[in-house]
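Can you build the whole structure from these sequences, using the hints too?
First to last, the protein sequences are chains A and B.
For the first sequence, this note's numbering assigns the number 1 to the initial residue and increments by one for each residue that follows.
For the second sequence, this note's numbering assigns the number 1001 to the initial residue and increments by one for each residue that follows.
Don't read these hints as lab results, they were simulated from the structure.
Take the hints with a grain of salt, since some may be wrong.
[Unchecked claim] Taking lysine-lysine and the DSSO-like style, the derived pairs with C-alpha atoms no more than 30 Å apart in a straight line are:
(1) B:Lys1075 with A:Lys395
(2) B:Lys1075 with A:Lys19
(3) A:Lys460 with A:Lys445
(4) A:Lys395 with A:Lys460
(5) A:Lys551 with A:Lys395
(6) A:Lys445 with A:Lys551
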Amino acid sequence: MSRLWAWVDSRTGLGDLWKEAAGEPVPGGARARYVFGSVLTFLFMQQVVLGILLATYYSPSVSDAWASTAYLQDQVTGGWFLRGLHHHGSSAMVVVVVLHMIQVVLSGAYRAPREFNWWIGLALGGLVLAFALTGYLLPWDQKGYWATQVATGIMGSVPGGGGAQQVLQGGVEYGNLTLTRFYAVHVFVLPLALGGLLVAHIYLFRRHGVTPPATLSEEELRRTTQPFMPYQLFLDVLAMTVTGGVLVALTVATHGAELYAPADPASNFVARPEWYFLSLFQLLKYFEGPLQIIGTVLIPGGVATFLLALPFIDRSPSRTASSRRRVLLMVGTLMAAVVALTAIAAVEDAQNEGYQEGQSAARANASRARELALEGVLPEGGPAVWRNDPAYEAKVTFSERCAVCHGVDGVGGDEAPDLGGFSTREWLVGAIRTPRASNYFGGTKGHTDMEAYDEAALPKAQLDAVVEYLVRLRAEPDVMPWDETLAAQGAKLWEEELECSGCHEVNAGDGGGAPNFAGRGRAEWIARVIRNSGGPDLYEDSAEMPSFEGKLTDAEIDALAAYVHGLGLE
Amino acid sequence: MAAPPDDPGRRKFLNAGIGVMGAGLAGTVLAPATGLVLFPLHEDVTSGGDEFVVVGDRAQFGAVPRRVEIFADRKDAWNRVTRVRIGAAFVVLNGETLSAFSTVCPHLGCGIDFDEGSSCFKCPCHRSSFDLEGAVTEGPAPRGLDALQIEDRGGSIAVMYQRFRQGVAQQELLG
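Right, here's the structure in full:
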């Protein structure tokens, strides 16, 4: 082994390289405050490895992106975990970039002769944000789609930015080219740029060395110098381990990254950017109309310029914190403003009921879509996942075959009863009080026998009792429980006082030319009506509805019945 | 950090710590990564074609092989696709026996053709040749053409399209 190593070393000089890297003297000794750069390097390398792993399952096209991400998230072994690490890893990078920057500012490491490394560092920070922005869109889910629309929209709103926006998103609107471009930037351009700048950053760092506390004398620094390996490296790896541990904990606690329902351009998703962009997002709320550019470009641009110019703004003679109070105060104010804006955005959202409701609806939608995706998504992709849902297909069948005559909540034809809230108590009350209204049987040609029962003919107390009795006859306690006392009163009225029983039977199977009320309103009953509404215990001679027996499959009829039944559950 | 700048005992301890933590960090990603990469080994990523598919009427097939395409519903990782072409077969009547052969060459998976002149199946890639009963007559193919299960359903001929491991002498079903 040692001979093999000697052979390799004599030809490559790897040993010397290692000695130089590992033996780098750290004046003043190893310190916890130096770990941030190493942690960032570790996080970047981990992101690269995770990104490659994700790329083995991800497909960047509008029809595939969501479905492939859902497959990775919900079906592939370890997929959710690795995707979660990658997702939270980007947050971790932002956090550590900020910590790194604070440390550099506090120790005055941006000052001469380290200006170039400060600038490279700022560029690296910008790249980290660009990674986050481009990666957010890739799953092509509601959240990524809508949040990124805002980002590219800002680009387009800047004078002269329209062309740039069109180039970046590959056209005037989002589509396949948007994804392929964001993907190419995210997995090729940004990693190469970041990797290259990182090499330059480390090279310059090695050239100038660490920036030890300004209070230590030259003599003291020399006396306490330690080699990088193992003293500083141990602290670095310890910090990486803490970071890695936090990432794993976060990933497990959240079951990885969120994946919302597939992007739907027709929806009204309440878009929010990732938390580290919230301050910029909040800023947009304060500037309207032509002033918008202040929030989108001028303030962020001013901040960037300030940071770039920091080595020149800082004219203080010494690196000690006490002599740099003015600069430290400026940077501190800036950070406080970012924190404040972020906090305001978070609080506003927490108090915004519309946003909270939108979020919980979006989450419910997401889990349904992902459940349906387990069966596989049709090649049309994304929103085609809904076609795995029998209820969705039923809705389509309804609009094609039923909506010509039946409305739902006023939308659709009026030749047959409106089925919005079908067979709820409210619906039944309407059917008794106003059977001839157009949203009941007013438009149904053969249906003329049922007369309206107004308050004089049937006082409200009696009406409620009868309706309760009808609910009992439906006998579906899970979805529509009834008040037994009231129902019993209704039954008594039905048998002894009212004339309903002259036409409507209540024992299953009996026919009387008007619908029998046993089980009326249940999904099975609705399915029978769809098959053939002319049965003796249904509408018999007054049946106007065409029979769908044989025109629709049993499965289609059942799904349709379930849909209509569901309309009366809310 | 008032500790002595350098000390061999401390060095040893720190080096060990670096090793242990480094291995832990690597393992955190590499262990699940192994599961992710090897996922297709133990899961059916693609499916489809495990049912008989009608390819034509009995009368349409004779002693001259006829190529038929097989359509089926298929699942391919995240997609489900309905009625797509999943493969093709040659159906041929040898005496009284109707056989169906996969068009996938058992050597290395090229698509074979039927050569009317010599009345045999030929692989265009490596010159394997097969007779009408599927047996190898020439070339590097390690076994004959893969016969597919065939069913006569009252005059309609149905074939079950399956894929087999290539390059081995024994027929071995994939999936």
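Going down the list of hints, with the structure as the test:
no., hint, result
1, B:Lys1075 with A:Lys395, "holds, 25 Å"
2, B:Lys1075 with A:Lys19, "violated, 55 Å"
3, A:Lys460 with A:Lys445, "holds, 29 Å"
4, A:Lys395 with A:Lys460, "violated, 35 Å"
5, A:Lys551 with A:Lys395, "holds, 17 Å"
6, A:Lys445 with A:Lys551, "holds, 23 Å"
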